[in-house]
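Enquirer: Sequence:
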Amino acid sequence: MAKLLEGAPVAEALTRQIKEGVDRLRRFGPVPTLAILRVGERPADLSYEKQTRRQCESVGIRVKQFLLPENSPRQELLDAVEAINRDPGVHGCLLFRPLADKDTERAACALLAPEKDVDGVGVGALGAVFAGEGAGFPPCTAQACMEVLDYYQIPIAGKRAAVIGRSLVVGRPVSMLLQQRDATVTICHSKTRDLPGICREADILIAAAGQMGMVTADFLRPGQVVLDVGIHREGGKLRGDVDFPAADAAAEAVTPVPGGVGRVTSAVLTRHVFEAAAGVSLQRQQP
Numbered sequence: 170m171a172k173l174l175e176g177a178p179v180a181e182a183l184t185r186q187i188k189e190g191v192d193r194l195r196r197f198g199p200v201p202t203l204a205i206l207r208v209g210e211r212p213a214d215l216s217y218e219k220q221t222r223r224q225c226e227s228v229g230i231r232v233k234q235f236l237l238p239e240n241s242p243r244q245e246l247l248d249a250v251e252a253i254n255r256d257p258g259v260h261g262c263l264l265f266r267p268l269a270d271k272d273t274e275r276a277a278c279a280l281l282a283p284e285k286d287v288d289g290v291g292v293g294a295l296g297a298v299f300a301g302e303g304a305g306f307p308p309c310t311a312q313a314c315m316e317v318l319d320y321y322q323i324p325i326a327g328k329r330a331a332v333i334g335r336s337l338v339v340g341r342p343v344s345m346l347l348q349q350r351d352a353t354v355t356i357c358h359s360k361t362r363d364l365p366g367i368c369r370e371a372d373i374l375i376a377a378a379g380q381m382g383m384v385t386a387d388f389l390r391p392g393q394v395v396l397d398v399g400i401h402r403e404g405g406k407l408r409g410d411v412d413f414p415a416a417d418a419a420a421e422a423v424t425p426v427p428g429g430v431g432r433v434t435s436a437v438l439t440r441h442v443f444e445a446a447a448g449v450s451l452q453r454q455q456p
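If you count by this note's numbering, then the sequence shown holds residues 170 to 456, one letter each, in order.
What the hints contain is simulated information worked out from the structure, not anything from laboratory work. As the structure is a computational prediction, the values presented were derived from the model and not from experiment. Hints may be right or wrong, so weigh each one.
Claimed, not checked - If you anchor each label on the Cβ, the simulated ranges turn out as follows: (1) L215 / D272: 21 to 31 Å; (2) S216 / A447: 20 to 30 Å; (3) A326 / R196: 32 to 42 Å; (4) Q220 / D256: 15 to 25 Å; (5) A386 / A279: 38 to 48 Å; (6) R196 / A269: 36 to 46 Å; (7) D256 / G209: 14 to 24 Å; (8) V292 / A252: 19 to 29 Å; (9) N240 / G428: 29 to 39 Å; (10) A252 / A386: 48 to 58 Å; (11) G209 / T361: 30 to 40 Å.
Claimed, not checked - Derived lysine-lysine pairs resembling DSBU-like cross-links, with alpha carbons at most 35 Å apart: (12) K406 / K271; (13) K406 / K328; (14) K406 / K233; (15) K172 / K219; (16) K188 / K233; (17) K328 / K188; (18) K172 / K360; (19) K271 / K219.
C-beta atoms are modelled at their ideal positions from N, C-alpha and C, and glycine is treated no differently.
With the hints as extra help, turn the sequences into a complete structure.
Expert: Written out as structure tokens, the structure reads:
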């Protein structure tokens with residue numbers, strides 16, 4: 170049976186650290202403030218917004234909402250981003266995606282100031298992550314994977330890692346974060362030849378393919394650490410990209426779905442807001 174890498178204790182430890190930092194900052198400096206920019210009222214967005222507001226309130230971060238109707242003109246959204254960029258009282262922005270119009274989404278993400286892009290959605294912030302320097306935060310889910318590994322004291326340097334998925338939300342940025350910590354990383358995708366064989370060679374396997382249950386027993390071997398970033402609903406239950414019973418039987422450690430990496434994401438977002446308000450280095454430092 171694999172060790173269960175639960176997200177709750179990771180998030181709780183992060184939350185304690187963030188609250189202490191925010192309390193100190195509020196005595197002598199600004200109140201860390203997050204702008205939530207949402208277009209429309211999709212149930213998933215409303216649920217995540219509620220979760221984010223609760224997390225912010227728990228650590229003393231103020232939230233300002235910028236809410237636009239579903240069919241708002243493109244310029245209205247861009248004007249809202251510009252207003253957030255110009256507001257010195259706002260330290261971070263969470264822009265809900267995807268948007269109906271992809272061109273508008275790309276324009277809004279590109280316009281957002283990198284130093285306020287606390288979820289790594291724009292090219293400026295992502296450029297900082299890929300270059301390893303400059304103003305910018307990694308996407309929160311990618312950073313949450315690193316927080317899980319660190320909390321459970323899983324060695325990264327010198328290890329082989331395989332990442333299934335090459336999105337800018339998780340796959341590519343988490344690959345860069347692993348490389349910065351001296352892992353040897355293979356980015357896999359749907360065209361990868363012998364995908365199961367490559368994954369079996371990895372010491373750390375991160376599944377972020379967006380395909381329910383695709384990581385089966387033939388992807389796994391004893392001694393592996395498996396992080397499941399996928400989340401899918403089936404028959405009223407949530408499942409990940411990993412066949413959990415197979416990973417539980419074969420791997421050394423595995424994150425559950427739900428209750429794994431996703432549980433850590435909101436805590437990472439609030440830490441990014443605190444760091445932006447405190448003016449600390451925006452690129453994650455080597456431990």
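Enquirer: A separate judgement is required for each hint: does it hold in the structure or not?
Expert: Quick rundown of the hints versus the structure:
The hint said 21 to 31 Å for the Cβ distance between L215 and D272, and at roughly 25 Å that hint holds. Between S216 and A447 the beta carbon distance is about 29 Å. The supplied range of 20 to 30 Å therefore holds. Range check, A326 to R196: Cβ separation about 37 Å, and the 32 to 42 Å hint holds. As the Cβ distance of Q220 to D256 is approximately 24 Å, the hint placing it in 15 to 25 Å holds.
Remark: the range hint 38 to 48 Å for A386 to A279 is upheld by a beta-carbon distance near 42 Å. In this structure, R196 and A269 meet the distance hint of 36 to 46 Å, their C-beta atoms being roughly 43 Å apart. A hinted range of 14 to 24 Å holds for the C-beta pair D256 and G209, which are about 23 Å apart. Range check, V292 to A252: about 21 Å between beta-carbon atoms, so the 19 to 29 Å window is met.
For the pair N240 and G428, the supplied restraint of 29 to 39 Å holds, since their beta-carbon distance comes to about 37 Å. Hint check: A252 to A386, Cβ distance near 52 Å, so the stated range 48 to 58 Å holds. Taken as a hint, the range 30 to 40 Å holds for the pair G209 and T361, whose Cβ atoms sit roughly 36 Å apart. For the proposed pair K406 and K271, the alpha carbon gap of about 30 Å is at most 35 Å, so the pair holds.
The suggested pairing of K406 with K328 holds, with an alpha-carbon distance near 34 Å, which does not exceed 35 Å. Between K406 and K233, the direct Cα distance comes to roughly 33 Å. Compliance with the 35 Å bound is thereby established for this hinted pair. Between the alpha carbons of K172 and K219 the distance comes to roughly 31 Å, so the proposed pair stays at or under 35 Å and holds. With a CA separation close to 19 Å, the supplied pair K188 and K233 stays within the 35 Å bound.
Restraint check for K328 and K188: the C-alpha separation of about 33 Å stays at or below 35 Å, so the hint holds. Simply put, K172 and K360 have alpha-carbon atoms about 31 Å apart, close enough for the 35 Å limit, and the pair holds. Of the supplied pair hints, the one linking K271 and K219 holds, its CA atoms being roughly 25 Å apart against a limit of 35 Å.
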